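Here the structure of chain C is known, so what remains is to put chain W in place on it, guided by the hints.
Chain by chain, the residues run as shown.
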Amino acid sequence: MLIDYLPILVYFVIALGVAVGMVALSEAVGKKTHSTVKDLPYECGMVPVGDARSRYSVKFFVIAMFFLVFDIEAIFLYPWAVVFKQLGLFGLIEMAIFIIVLAVGLAYVWGKGALQWE
Amino acid sequence: MSIDIPTICLTNIGPLITLSVAGLLLLLFDAFSGKAMKKAHFHQFSLVAVVIALLQTVWLWNRQTTDFSRMIYVDNFSFFFNVIFLLGTGISIILSVHYLENYRKNYGEYYALMLFAAVGMILMAAGGNLVIIFLGVEILSIPIYILSGLFREDLKSNEAALKYLLLGAFSSAFLLFGIAMLYGGTGTFYLADLAAFIKKSGMNGFTYVGMGLLIVGFGFKVSMAPFHMWTPDVYEGAPTSITAFMSVGTKAAAFAAFLRVFLEVFPTVRMEWDLLLWVAAVATMTVGNVTALAQTNIKRMLAYSSIAHAGYILVGLIAGNQLGATGILYYLLAYTIMNLGAFGVVIAVARKKDNYLNIYDYAGLGFQYPGLAAVMSVFLFSLVGMPPTAGFLGKFYLFSAAVEAGYIWLVIIAVINSLISVYYYLRITVIMYMQPAEADLGPVAMTPVVNATLIISALAVLLIGIFPGSIFQLAMNSVKIFGS
Chain C
1 MLIDYLPILV YFVIALGVAV GMVALSEAVG KKTHSTVKDL PYECGMVPVG DARSRYSVKF
61 FVIAMFFLVF DIEAIFLYPW AVVFKQLGLF GLIEMAIFII VLAVGLAYVW GKGALQWE
Chain W
1 MSIDIPTICL TNIGPLITLS VAGLLLLLFD AFSGKAMKKA HFHQFSLVAV VIALLQTVWL
61 WNRQTTDFSR MIYVDNFSFF FNVIFLLGTG ISIILSVHYL ENYRKNYGEY YALMLFAAVG
121 MILMAAGGNL VIIFLGVEIL SIPIYILSGL FREDLKSNEA ALKYLLLGAF SSAFLLFGIA
181 MLYGGTGTFY LADLAAFIKK SGMNGFTYVG MGLLIVGFGF KVSMAPFHMW TPDVYEGAPT
241 SITAFMSVGT KAAAFAAFLR VFLEVFPTVR MEWDLLLWVA AVATMTVGNV TALAQTNIKR
301 MLAYSSIAHA GYILVGLIAG NQLGATGILY YLLAYTIMNL GAFGVVIAVA RKKDNYLNIY
361 DYAGLGFQYP GLAAVMSVFL FSLVGMPPTA GFLGKFYLFS AAVEAGYIWL VIIAVINSLI
421 SVYYYLRITV IMYMQPAEAD LGPVAMTPVV NATLIISALA VLLIGIFPGS IFQLAMNSVK
481 IFGS
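Just so you know, the protein sequences line up as chains C and W, in that order. With the working numbering applied, the first sequence covers 1 to 118. With the working numbering applied, the second sequence covers 1 to 484.
To be clear, the hints were calculated from the coordinates, so they are not data collected in a lab. Careful: at least some of the hints might be erroneous.
The list that follows gives simulated cross-link-like pairs (lysine-lysine, DSS-like), each with its CA atoms no further than 27 angstroms apart [said to hold, decoys possible]:
1) K480(W) - K105(W)
2) K163(W) - K353(W)
3) K352(W) - K199(W)
4) K156(W) - K352(W)
5) K352(W) - K59(C)
6) K163(W) - K105(W)
7) K480(W) - K156(W)
8) K156(W) - K105(W)
9) K105(W) - K59(C)
10) K112(C) - K199(W)
11) K59(C) - K112(C)
12) K59(C) - K156(W)
Small disclaimer: the values here were computed from a predicted structure and weren't measured.
The shape of chain W in the complex, shown without the other chains:
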């Protein structure tokens, strides 16, 4: 028996190596360094790792190949998502530092786990084999289970971690079962071979069941209705910085895998999954938006809003054309920046130990902290999808893709949903600017780095909304792999 040793090129997975090694080093530093250096440098170290990984991604750009015996796709699609993940991780790390210090929880493990989660996300976007995608899901999920339970003494945090672990395990089981079914039906795990098989011999019972189970598995991770139940509780209970991180990271990673698997493997049987996702998308948008109307806790409101955004992104997936896929990439990038920005403001306004999370705690913010209120308004306008923000163009691309593909009613429902969302997003703005503060809630602690991050994020939301050209081009080049 002889074994073919695959030729591998380590630079192809440069970002993965950087993040993994940095995570491991952080663990060692945390266990063996003195008390003094502990607190100060962990976040800087992890930020440096994220920046290096980002540079490696940029350096790799336009490389188009597969590696590790076709296990990993090295293409612009995964690079574009790498940028989204790394931006999300970087901004989350910056927002975390002060927040964690308030809780005296500024552990090294926190940053190590974040880096490991980023590794999982990158694997999900780059996986060329269902097993690698599953591995990515697990590497992403396990750190986030731990991180959402970071505040051990807090019952809500415990509840969040336990709920997320149990439901996440369920969804992993669905995903794994779907993968097994696909293997049973076709005899391969490789996306390319699966696509070739289905193109040649069509679907059979196993592949149908497998496809359905994959939709359930990915649906859990993107919080698609009816698999969204965990989202509000987990988002509310988890530390706010982790809520921010998983609301953008997990969602983007799951959509990356969702998009790649369904547009590469199942494009010939689009009729079979379109209707399913059509119903799910309508349900997701409606449940998210209508329930968000009734929320007074801002974290819960943003959780329901993130469900609604999953629905909008599903519209692009249902359209399934080039413009739809481009729209998803663009929208996820915009969503990452605007949602993290909004959570950054939430962290700041909540002050010490998450005391002020009610939406009426934002009263008078426009007078006390005009800068903070202004950036929050930018993020909220972008989440609504108003021009000239990035959120508007993202929605525009997604919806026009659906119109192009002939899903007029879906777009009408999506637009109605966007209108509903205006109420609960702009209510915050109204409260900030038109209601006087009821009581003095104490000063908002703002560090220069966080300020700069929020301002740059707000500017980025406006900038890529006004000049979308280059980002749109990048996204469009990234989805060229999906043919059609």
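Isolated chain C, as found in the complex:
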């Protein structure tokens, strides 16, 4: 039974290899320049040291909600695509209901003005 999971292990190894390989490769062949800013730990473009109580716009959360809708949709659409033929009409209707529910959520967030970024 465990052998069934071998592809996942292989996938993990490849993923790890790619990640480590890329960093190692750029470390090995890349050009290196140093400056104070450049040597800071990378933190998505923000200043990495400072007060933890900094405030940021609540709009980010709304965007995150938008993202969630599509994210969940993608998570379920992939496995459905794999067994699309076996599930047939039943699966189509089930997924239609699922997507309608998500679409209602999307329409709600949209209708509430989440896309109006002032």
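What follows is chain W alone, placed relative to chain C:
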């Protein structure tokens, strides 16, 4: 590879579909309708949905099957609980309208979230698979996290929401871990298969741990000691209408799942969980009642009283016989009506923006508003458990079930606890009728619909207390599934 498509019958989950669709429509209306129609019709729309779901439940009555590849039980047990949940949701919606308008928070989302929470409750009572039960817990909990934080500008409401979210997440984790352990020990999520496995090959290490974790997870939701810590703070901080809703809804739903899982899956190992719950029930009753004595905020007092009531209901679960399960169903129905009624009066007396929540604000109410004081007294007498109210018979069934099962000491402790509770419930009545009002607190706003609801609830408490026969029969037929 071929996949078996399950045959499904959508009428079996009619109430679920009605409530979900109504909730979704409410969200759309709220986002896209004009300002004018916004305020007026949301609660009516959601009430119609609740009534339709109730009618569907009544129509389904006596159907006995499973659906969605045994994921959902379609039986009278879940229908009885559906009635409790829908009554709770309906009454809460009626009590909410005026209260929310005072705060200018009469949002459409409020009602949509309430309907979604009701969907979660129904799933918990109907779940035939631990995953469905967990799904129900989450669908119930997430709307209530949001609703308890509805008053964004109010620090207490924020505190309530955050505390409930953090502790609720913990309890969900316990529940999920317990489910995983049970799966690890038996290889199945289905309650029926779990029961068959444990009957055949007994318990093993995994199932013991899983059972313990399930007790913790459900214990959080029913506010069983020592997992009751969140209850007073959350109940005090949340909007009163939501406190009312979750004090009856969450508790009933959690007990539905608790009852179904433990009486179906673990009846053969009763000795193992009985002692655990015995200690927990005694602790729950005692902590709830003794701490309630010291409360002067009526919401906190009712929170501790709801902990105590969880303890009484646990007595029925410990008894574990037919009468005990019947008693739990009867008691939860009675508790739903009387507790919502009491909260309805609290909302009215608190006047605008929850100004008067101290118990001494009830002074003189018996003279100023005799009707309101009279219905409050009925609810309080019922919460105490005095005849001829529904609360008395509920306790009577629960305790006599425990006596029948041989738990004499448990019943003695429970009765002593009931006596303690007399003090803090009847103190309100004494204050209402025997103390003059200290100051004029302004008029109590009462709408005809709320008045009618409170009066009907009070009458129902008396009526099912005096004529318990038909409700008792229904409850007894509903728990026939538990064999024994």
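Status of the hints after comparison with the structure:
{"no.": "1", "hint": "K480(W) - K105(W)", "result": "violated, 44 angstroms"}
{"no.": "2", "hint": "K163(W) - K353(W)", "result": "holds, 22 angstroms"}
{"no.": "3", "hint": "K352(W) - K199(W)", "result": "violated, 57 angstroms"}
{"no.": "4", "hint": "K156(W) - K352(W)", "result": "holds, 17 angstroms"}
{"no.": "5", "hint": "K352(W) - K59(C)", "result": "violated, 32 angstroms"}
{"no.": "6", "hint": "K163(W) - K105(W)", "result": "holds, 22 angstroms"}
{"no.": "7", "hint": "K480(W) - K156(W)", "result": "violated, 44 angstroms"}
{"no.": "8", "hint": "K156(W) - K105(W)", "result": "holds, 16 angstroms"}
{"no.": "9", "hint": "K105(W) - K59(C)", "result": "holds, 21 angstroms"}
{"no.": "10", "hint": "K112(C) - K199(W)", "result": "violated, 54 angstroms"}
{"no.": "11", "hint": "K59(C) - K112(C)", "result": "holds, 12 angstroms"}
{"no.": "12", "hint": "K59(C) - K156(W)", "result": "holds, 24 angstroms"}
Checked against the numbered hints above, the structure violates hints 1, 3, 5, 7 and 10; every other hint is satisfied.
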